[in-house]
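Asker: Could you build all of it, start to finish, from the sequences and the hints given here?
Protein chains in written order, with the working numbering: chain A, 25 to 306; chain B, 25 to 306.
Just so you know, these hints were derived from the structure itself, not from any lab. Here the structure is a predicted model, which means the values were calculated and not measured. Warning: the hint list may mix true and false statements.
Copies of one chain are not kept apart here, so a pair can be met inside one copy or by any two copies together.
[Unchecked claim] Pairs of lysine-lysine, DSSO-like flavour, derived with a Cα cap of 27 Å:
(1) LYS233 with LYS223
(2) LYS233 with LYS255
(3) LYS233 with LYS51
(4) LYS207 with LYS181
(5) LYS233 with LYS28
(6) LYS30 with LYS47
(7) LYS170 with LYS223
(8) LYS47 with LYS233
(9) LYS255 with LYS298
(10) LYS298 with LYS51
(11) LYS207 with LYS255
(12) LYS28 with LYS255
(13) LYS255 with LYS51
(14) LYS233 with LYS69
(15) LYS186 with LYS298
(16) LYS28 with LYS170
(17) LYS186 with LYS170
There are 2 protein chains.
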Amino acid sequence: VEVKIKTAIQGERGSFSEQAATKLLGKNLELVCCSSFEELFGGMKRGDAEVAIVPIENTLAGSIHRNYDLLLESGLEIVAETHLRIEHCLIGTQDAQVRQIRRVLSHPVALDQCREFFRRHRAIQAEETYDTAGAVQQIVRDGDPKVGAIAGAAAAKHFRGKVLSRNIEDNSQNFTRFFALEKAGHRRVLAGKRPARGKPKTSLVFRTKNVPGALFRCLSVFALRDINLSKIESRPQHGKPWQYLFYVDLLTGADEERTQNALRHLREITDFSKVLGSYPTL
Amino acid sequence: VEVKIKTAIQGERGSFSEQAATKLLGKNLELVCCSSFEELFGGMKRGDAEVAIVPIENTLAGSIHRNYDLLLESGLEIVAETHLRIEHCLIGTQDAQVRQIRRVLSHPVALDQCREFFRRHRAIQAEETYDTAGAVQQIVRDGDPKVGAIAGAAAAKHFRGKVLSRNIEDNSQNFTRFFALEKAGHRRVLAGKRPARGKPKTSLVFRTKNVPGALFRCLSVFALRDINLSKIESRPQHGKPWQYLFYVDLLTGADEERTQNALRHLREITDFSKVLGSYPTL
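Answerer: Below you can see the structure in the form of structure tokens.
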């Protein structure tokens with residue numbers, strides 16, 4: 025008998041995070057549902073789960089900076105990534121009809137990605153909740169056909185809601201990138217589960233010294249070694265006004281010699297740098 | 025008689041945006057209060073106000089990407105900047121006391137910046153509203169001493185609420201940067217109001233071509249001309265998955281020769297670039 029992998033997600037069953045977890049780990053998992061990302065990272069520290077699946081970036085909403093902050097403070101490392109196409113549905117109770125709906129609950133980011141829907145349905149009021157799938161659970165439990173939720177089709181299926189309208193998102197180019205995290209140095213679960221396919225990618229964070237041209241010099245350590253970047257994002261540092269951390273993804277593995285050389289060079293010219301993980305691209 | 029300057033802000037009177045407006049324009053202004061940033065930018069297009077004051081970046085929460093997106097689509101330019109220290113207060117009705125409070129309303133960002141307060145007061149439930157000052161207006165109007173709001177002291181004064189606790193923010197290094205915006209090419213209001221003090225700063229946005237080392241080359245156009253950057257931030261571009269826009273602040277004026285040369289060089293190696301404004305640093 026295969027042992028189920030304890031997998032922490034933020035939100036409920038039927039959420040996009042569960043879909044990402046299944047995509048990365050298969051069906052043989054036991055979900056540990058957390059109401060916030062703080063709770064999720066706290067649970068990983070206590071060992072409540074072996075793997076955490078967290079959204080880190082969305083093509084429309086941008087990086088989820090809070091999760092980068094929590095990742096940086098945690099003792100976790102990135103062991104895999106995956107992308108999910110986000111398709112939002114209007115979901116109601118089994119007897120609901122679109123024209124009856126007066127209130128729609130969902131996560132603020134999901135509501136924000138369906139602005140056009142609310143412009144076309146002026147009688148419908150948007151209301152914020154902590155999770156898309158949780159909103160479906162709530163409206164089905166309350167049973168009011170005038171109240172709907174916005175979430176993925178999987179949430180409707182899981183909580184027995186009715187899909188009233190599909191693809192109500194403004195922009196079809198809506199993808200979310202998820203990281204799989206494990207305790208640093210462990211890598212037990214993902215390494216055993218699936219072959220490392222795709223070219224390697226390495227995520228790291230660094231803080232530039234506060235001198236002119238500092239970022240230019242930091243990027244030169246990669247450019248001079250023909251290491252390509254697939255992402256760079258700056259993040260103001262907590263408690264240090266107008267100082268920035270830079271999050272960078274390299275299209276090389278952390279164990280390659282040129283990466284090792286670049287990282288050593290980077291340490292010479294920065295105050296702080298840390299590798300967050302090295303994993304196969306998807 | 026001096027004519028009052030019509031000034032658009034998001035939120036209510038007594039908000040941090042009103043404080044920023046007063047700091048930049050003095051007391052002689054007529055506020056145009058908007059319930060969302062979309063409404064604010066729409067109103068500026070119609071000519072409902074001459075100047076808009078919008079928050080663009082916070083030292084803890086990061087850039088307000090939505091406002092960068094709206095600025096890019098608008099025909100507005102940045103004509104000034106200012107910084108405001110954000111001090112959050114717990115505010116109640118006149119007869120309220122801290123230990124009676126059970127619910128606290130505020131903007132999600134403000135609630136997020138007072139996590140420690142909620143950890144210390146487990147009996148208090150946080151509830152999201154669209155504006156800090158609007159939350160104070162609501163709780164004073166409703167008159168329930170068990171319901172409080174988190175906002176600046178100015179909001180308590182304006183709506184006659186009672187400050188129950190000061191500086192409840194987790195981190196004292198909490199500053200918000202605001203832009204003053206006017207119709208591009210006009211610059212009537214701010215230019216007439218106050219002398220351009222401080223060294224010049226120029227804000228611009230560009231999109232790199234999707235080739236290796238593209239960002240490194242873009243930064244070289246500034247580094248090679250000794251132009252210092254005070255900010256760089258990447259932003260995923262709507263509808264173009266995993267492509268990024270870069271928002272950069274240069275510590276030079278747009279009319280300086282080396283800036284002109286750098287911008288011409290930048291246009292050679294980018295798909296798209298645009299100057300968002302050139303204005304004195306504060």
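Asker: All hints are to be evaluated individually against the structure, with a verdict given for each.
Answerer: Now the hints, each set against the structure:
1. For the homomeric pair LYS233 and LYS223, the shortest alpha-carbon distance between copies (22 Å) is at most 27 Å, but the shortest distance inside one copy (31 Å) is not.
2. For the identical chains of this complex, LYS233 and LYS255 are neighbours both inside a copy (20 Å) and across copies (13 Å), given an alpha-carbon limit of 27 Å.
3. Taking identical chains as interchangeable, the C-alpha atoms of LYS233 and LYS51 are never at most 27 Å apart, the minima being 46 Å within one chain and 40 Å between chains.
4. Taking the closest pair of Cα atoms, LYS207 and LYS181 never come within 27 Å of each other, the shortest separation being 33 Å inside a single copy and 49 Å across copies.
5. In this assembly of identical chains, LYS233 and LYS28 lie within 27 Å of each other by CA distance neither inside one copy nor across copies; the values are 46 Å within and 45 Å between.
6. For the identical chains of this complex, LYS30 and LYS47 are intra-copy neighbours only, at 15 Å inside a copy versus 53 Å across copies, given an alpha-carbon limit of 27 Å.
7. Taking CA atoms no more than 27 Å apart as the test, LYS170 paired with LYS223 passes in neither setting, with 49 Å inside one copy and 57 Å between copies.
8. In this assembly of identical chains, the alpha carbons of LYS47 and LYS233 never lie at most 27 Å apart, being 40 Å within a copy and 31 Å across copies at closest.
9. For the identical chains of this complex, LYS255 and LYS298 are neighbours both inside a copy (16 Å) and across copies (21 Å), given an alpha-carbon limit of 27 Å.
10. Taking identical chains as interchangeable, the C-alpha atoms of LYS298 and LYS51 are never at most 27 Å apart, the minima being 33 Å within one chain and 48 Å between chains.
11. Proximity of LYS207 and LYS255 under a CA criterion of 27 Å is satisfied intra-copy only: 24 Å inside one chain copy versus 33 Å between copies.
12. Taking CA atoms no more than 27 Å apart as the test, LYS28 paired with LYS255 passes in neither setting, with 34 Å inside one copy and 46 Å between copies.
13. Proximity of LYS255 to LYS51 under the C-alpha cut-off of 27 Å is found in neither arrangement, the shortest distances being 31 Å within a copy and 44 Å between copies.
14. Within a single copy, LYS233 and LYS69 get their C-alpha atoms no closer than 31 Å, and across copies no closer than 41 Å, so neither meets the 27 Å cut-off.
15. Proximity of LYS186 to LYS298 under the C-alpha cut-off of 27 Å is found in neither arrangement, the shortest distances being 46 Å within a copy and 46 Å between copies.
16. With identical chains, the CA atoms of LYS28 and LYS170 are never at most 27 Å apart, being 39 Å at best within one copy and 46 Å at best between copies.
17. In the homo-oligomer, the alpha carbons of LYS186 and LYS170 lie at most 27 Å apart inside one protomer (13 Å), although the nearest pairing across protomers, at 38 Å, exceeds that limit.
In summary, the numbered hints that this structure violates are 3, 4, 5, 7, 8, 10, 12, 13, 14, 15, 16.
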